[in-house]
Each structure stands twice: as C-alpha cells, then as structure tokens.
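Colleague: As a plain string of letters, each chain reads:
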Amino acid sequence: MQGFNTLLYKECLRFWKVGFQTVLSPVLTAVLYLLIFGHVLEDHVQPYPGVNYTAFLVPGLVMMTVLQNAFANSSSSLIQSKITGNIVFVLLPPISYREFYSAYVIAAVLRGAMCGLGVLLVSLPFVSFNIAEPVWIVAFTLLGGAFLASLGVIAGIWADKFDQLAAFQNFLIMPLTMLSGVFYSIHSLPAFWQGVSHFNPFFFMIDGFRYGFFGVSDVSPWTSIGVVTVCFVVLAVITLQMLARGYKLRA
Amino acid sequence: MSPAIRIAGVTKRFRSLQALAGVDLEIAQGEFFGLLGPNGAGKTTLISSLAGLARPDSGTLEVMGHDVVRDYRAARMALGVVPQELVFDPFFTVREMLVLQSGYFGLKKNDAWIDEILHHLDLTSKANANMRMLSGGMKRRALVAQALVHRPPVIVLDEPTAGVDVELRQGLWHFIRKLNQDGHTIVLTTHYLEEAETLCGRIAMLKAGRIVALDTTANLLQRFASHALKVKLAAPVVLPAALAAKATRQEGTELEFGFDRFDELAELLAGIKSAGGTLVDMALGTPDMEQVFVGIMNQN
Chain A
1 MQGFNTLLYK ECLRFWKVGF QTVLSPVLTA VLYLLIFGHV LEDHVQPYPG VNYTAFLVPG
61 LVMMTVLQNA FANSSSSLIQ SKITGNIVFV LLPPISYREF YSAYVIAAVL RGAMCGLGVL
121 LVSLPFVSFN IAEPVWIVAF TLLGGAFLAS LGVIAGIWAD KFDQLAAFQN FLIMPLTMLS
181 GVFYSIHSLP AFWQGVSHFN PFFFMIDGFR YGFFGVSDVS PWTSIGVVTV CFVVLAVITL
241 QMLARGYKLR A
Chain B
1 MSPAIRIAGV TKRFRSLQAL AGVDLEIAQG EFFGLLGPNG AGKTTLISSL AGLARPDSGT
61 LEVMGHDVVR DYRAARMALG VVPQELVFDP FFTVREMLVL QSGYFGLKKN DAWIDEILHH
121 LDLTSKANAN MRMLSGGMKR RALVAQALVH RPPVIVLDEP TAGVDVELRQ GLWHFIRKLN
181 QDGHTIVLTT HYLEEAETLC GRIAMLKAGR IVALDTTANL LQRFASHALK VKLAAPVVLP
241 AALAAKATRQ EGTELEFGFD RFDELAELLA GIKSAGGTLV DMALGTPDME QVFVGIMNQN
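Note that the protein sequences, when read in sequence, are chains A and B. In this text, residue positions in the first sequence follow this note's numbering: the first is 1, and each later residue adds one. In this text, residue positions in the second sequence follow this note's numbering: the first is 1, and each later residue adds one.
Among these hints, one or two may not hold up.
Said to hold, decoys possible - 20 Å max Cα-Cα, derived EDC-like pairs, lysine to aspartate or glutamate: (1) A:Lys248 / B:Glu96; (2) A:Lys248 / A:Asp160; (3) B:Lys232 / B:Glu267; (4) A:Lys248 / B:Glu85; (5) A:Lys17 / B:Glu96; (6) B:Lys230 / B:Asp182; (7) A:Lys82 / B:Asp57; (8) A:Lys248 / A:Asp163; (9) B:Lys246 / B:Glu264; (10) B:Lys109 / B:Glu96; (11) B:Lys273 / B:Glu254; (12) B:Lys230 / B:Glu264; (13) B:Lys178 / B:Glu31; (14) A:Lys161 / B:Glu85; (15) B:Lys207 / B:Glu267.
As the list claims (entries may be wrong) - Partial list, computed: chain A residues near chain B (C-beta under 7 Å): (16) Lys10; (17) Asn86; (18) Pro93; (19) Arg250.
Derived from the structure by calculation, the hints contain no laboratory data. Think of the CB as a built atom: it goes at the ideal place given N, C-alpha and C, for glycine as much as any other residue.
With the hints as constraints, model all of the structure from the sequences given.
Modeller: The following block contains the structure:
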C-alpha cells in the first residue's frame, strides 16, 4: 500500500510542480472560450428554457477541462517516463499493476478535477446558477475523469514518441470533446447528427454533468451514467490487461 | 541457505534474436560476481529478467529464494538494480527522488539511511539540487543511491562505470566493496575487464545468450591466460623450430613468447642463448582478464 501511496503522491507532485502549465493554463484557455463564445452567442442562443447561453456553456467547459486534463496527465507522465527511461524507477519496486493503474488514474482525475474547479470558480463572476443535483456532478467528474485517465494510460503506454501521443490527442480526444455538446445542445443539430452524437461517449459525460447543474439535459442522466460506467469499465479492463501483460513496459 | 540468485533454463527471444539461449547460474550470498560478455551477449536481458523488466520465454529466476514472477514483491525487495542508462526524473531533487524511491519500496521513515548513502557517495552537498543540474558522474552516483535506498541484500550494477572518470570510479568501487564486505551480494557487468579481474571473486562470460565460461577469477586466469616473456636481442637470430613455435611475436630483434609455468622460463632463455641471441632487455607480462576474455570468445 505504501508503494501505491508514494506513486500517487509522486504523480500529484509532478503536475503540481509545473502548476502554471498543468492547472492554470487550462483554466485560462477555458475562460477565454467562455468570454468569447459567451459574448458572441449570449443573445442568440437559449439552449434550455430559462437557461442563458453563458450559464449553459460553463458546465460544458468545466467538464471538457476535467476530461482533457485527466487524459493529459496520465498520458504525458507515462510517455515522458518512457522516453527519458525513468519509468524503471516505478517498474523495479514491488508495486502491483493494479496499484500502478490506480495511482496514475487517481492522480489524473485529481488534476482534472482541480482544473475543472478552477474553471468553475473563475466563471462565477460571469454567471449565476443554482446547482440542482451536485451528486451527478461528482459522479460524472469521477467517472468521466477516470475514463479519460485510463485512455491516457493506454495512449502513454502505446505511444513510442510524442508525435504519436499528439496524434491521439488531436485526432481523437479533441474532436470527440468538441463535438460532444460542450458549446451546443444536440437538440439544435439535424436529426442525423443527433444520432451520431449518441455514439460519442463524451456527449454523455458532458450532458450528464450538465444535468447536475440545471436538472435538465438532452438525455436522461441515468442513461448517461450507464454509458459512461460501461465505457470506463471496458477501458479499465483493457488497461489492466495491458499492464498485467507488461505491454511495451516489461519486454 | 538459499543462493542470492538462482537462474535455471532461462530463454528469451526478441523476434529473430535469441537473446538468452538457456542460461543456468547460481550466485551464492556474499559473492562479488562478474557477468562479462561482448555487446549483445545477453547481459542486460538477463539482468532485466531478474529485475522483472523483461519476461523470459521459459525458465525460472529467483532472488534470495523468491521467484521473480510468483513472489515478485519479495524478490524485488531483495534486489537493487543500477541501470546501464543514465536515467533520471527531471521533476525532482536528489533527496526527493530518494524519498520517493524509499516509498515505492514501502519505507516511510528512511532519512537516516538516505543521509548515509548520500554521504558515502559524496552527494550530500547536492541533496537539494535538481537532478537536471548534476554532472554525468553525479547522476551515476545518484542512480547507485536509488538502488540502495531499500538496503537490498543483492545489488546488480549494469556497467556502472561506463563513461565515469578514474577518481569517481575508484570512489564508487571503494563503496561497493564495503557493501560487499558488509554482506551484500554484488553482481557486476562491465566492459572494463581489469575491474572485473580486481573486484570479482567469480566470473561468468556470456556469448550469444549462453554462458561460455564460469569459474573463479583465479581459475579463469590460470586456465586461459599464459605468462608472456618479452625480450630484446642485440641482433636478429634464427630460432630453432621448437622455440619458434612458442614465439607469439617476432619483429627484428624483439621477440615475445607465451608460457604457462615459470619452470619453462629457464628453458626459453637457454634456447635463446643457444640460438646465438644476446639479451639486451627483458620483461615479464602477467596474465590478465583481457587475454582470458579474448581467448574464450574466440574459442566459442
């Protein structure tokens, strides 16, 4: 257990030591989105009755920040360690593959949650809303963050160079988050694209998370939590299998 | 008492390369053991298999009686590995890294031992320096420190002195010797054969994934290396056939002979004299590990 605790602590310390890059920068980026999109679209779009656009945007940006940073943390930590070779320091000690997985995922969720909380706090002067169902917010933060953190572990282990990781991030994670309903309600889309959105697990994460704020969403939060849970469990099993076999880590 | 290391029938293939082709080896507790071989012989693969960094295709490996797969926690607790590559984590200072490494091995309060290692490796003044700021030699010492944080009974050093200056190398060996005297088993791979000859009580030589020689250092030197007699004559001579057969080199007035026992020396000198040679200078060369190494590698 001590090995796990230390690895978790080290993973948190790693991102905290470069907090400008890992926490403050994502918060700033999300706030810029909020200011620009909110200013441009505030008077033109009302996604839900009684919910103005800026208020609608905030939960989407918070969750997007949680997801992107959870992925970035586990993936970048692993690929840096692999490329610099210092991954041996966590492979030589008596740490089980389950402890290894848990430490990387929990640290990544923590960073995602910290960044998300940062975006929320900075947004407060611009919007006012009552949080309808905080339990859903916590549930989607943890599950969505863990899903992306697991995907980050897979990407970090699979990628042999930073370029491959960047491809993973730019061609998979970024489009899926951007097209998940962060900036719009999928009910504003044509029927075909609404259907396509239902194949994007990120849509369910954002939609369910948003339900926690407004008590309204595009699909039932129970459907969303079901989809996100299944996706997370599938990824967790795949990641644990990779770690158990030592894929690309233990020759 | 279980051996410090027991390796039985270990094979490992990387695609078309047979990195280990059936290695059997036992190293007793308290030994200072040398693992020699040319590049690509399988030394690092063997060490990686022992440390759990590589998974052999067949065979078993044990550290202090603990199987490295089934009982990996106990096996890894018993093993400290100094990797060949000069790797470090740029996020942390030397002390932070050692505290973290202690934690990975389940040690919460390890400051006294960390201070002692830093002192012995002459790193105390750099304890709070970031790893990035250290010179190559210091980084190498920090790697040694990392391998020792959990006081492992078995320490494996994979080419620890590659690219390290003489002074540092001597300091490092002084410390490693002390660890060995304190009861730690040391396994060393090195390309500096004189190091292996001086330090190791027993040596195994690997070639193409197989052990091609395994004996005490003294026996290897005795069995595979010969003494050398180097002479300089006043004028060139024609050697009789029996003497010419023993000459390993003849360039004008300079000749070199190989011999196994000192009682052959008088015979050689008498032969030179009877062939009409007059000695101007003479020197004796002692057998060394390089001769043994080259001899064994050529044999196999």
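Colleague: Hints first: check each against the structure and report whether it holds.
Modeller: Do the hints match the structure? See the list:
1. A:Lys248 / B:Glu96: Violated: Lys248 of chain A and Glu96 of chain B sit about 27 Å apart, past 20 Å.
2. A:Lys248 / A:Asp160: 9 Å, holds
3. B:Lys232 / B:Glu267: Distance ~17 Å between Lys232 of chain B and Glu267 of chain B Cα, so the pair holds.
4. A:Lys248 / B:Glu85: Between Lys248 of chain A and Glu85 of chain B the Cα gap is close to 18 Å, so the pair holds against 20 Å.
5. A:Lys17 / B:Glu96: 12 Å, holds
6. B:Lys230 / B:Asp182: 42 Å, violated
7. A:Lys82 / B:Asp57: Violated, at roughly 23 Å.
8. A:Lys248 / A:Asp163: Holds: Lys248 of chain A and Asp163 of chain A sit about 17 Å apart, inside 20 Å.
9. B:Lys246 / B:Glu264: Given that 20 Å is the threshold and the Cα spacing comes to 11 Å, the pair holds.
10. B:Lys109 / B:Glu96: Within the cut-off at roughly 13 Å; holds.
11. B:Lys273 / B:Glu254: Holds, because 14 Å separates the two Cα atoms, which is no more than 20 Å.
12. B:Lys230 / B:Glu264: Satisfied, since the Cα-Cα distance of roughly 14 Å is no more than 20 Å.
13. B:Lys178 / B:Glu31: The given pair, whose Cα atoms are some 13 Å apart, holds under the 20 Å limit.
14. A:Lys161 / B:Glu85: 18 Å, holds
15. B:Lys207 / B:Glu267: Violated. Lys207 of chain B to Glu267 of chain B sits at ~37 Å, over the 20 Å cutoff.
16. Lys10: 5 Å, holds
17. Asn86: 5 Å, holds
18. Pro93: 4 Å, holds
19. Arg250: Holds, about 6 Å.
Consistency note: the structure conflicts with the earlier hints numbered 1, 6, 7 and 15.
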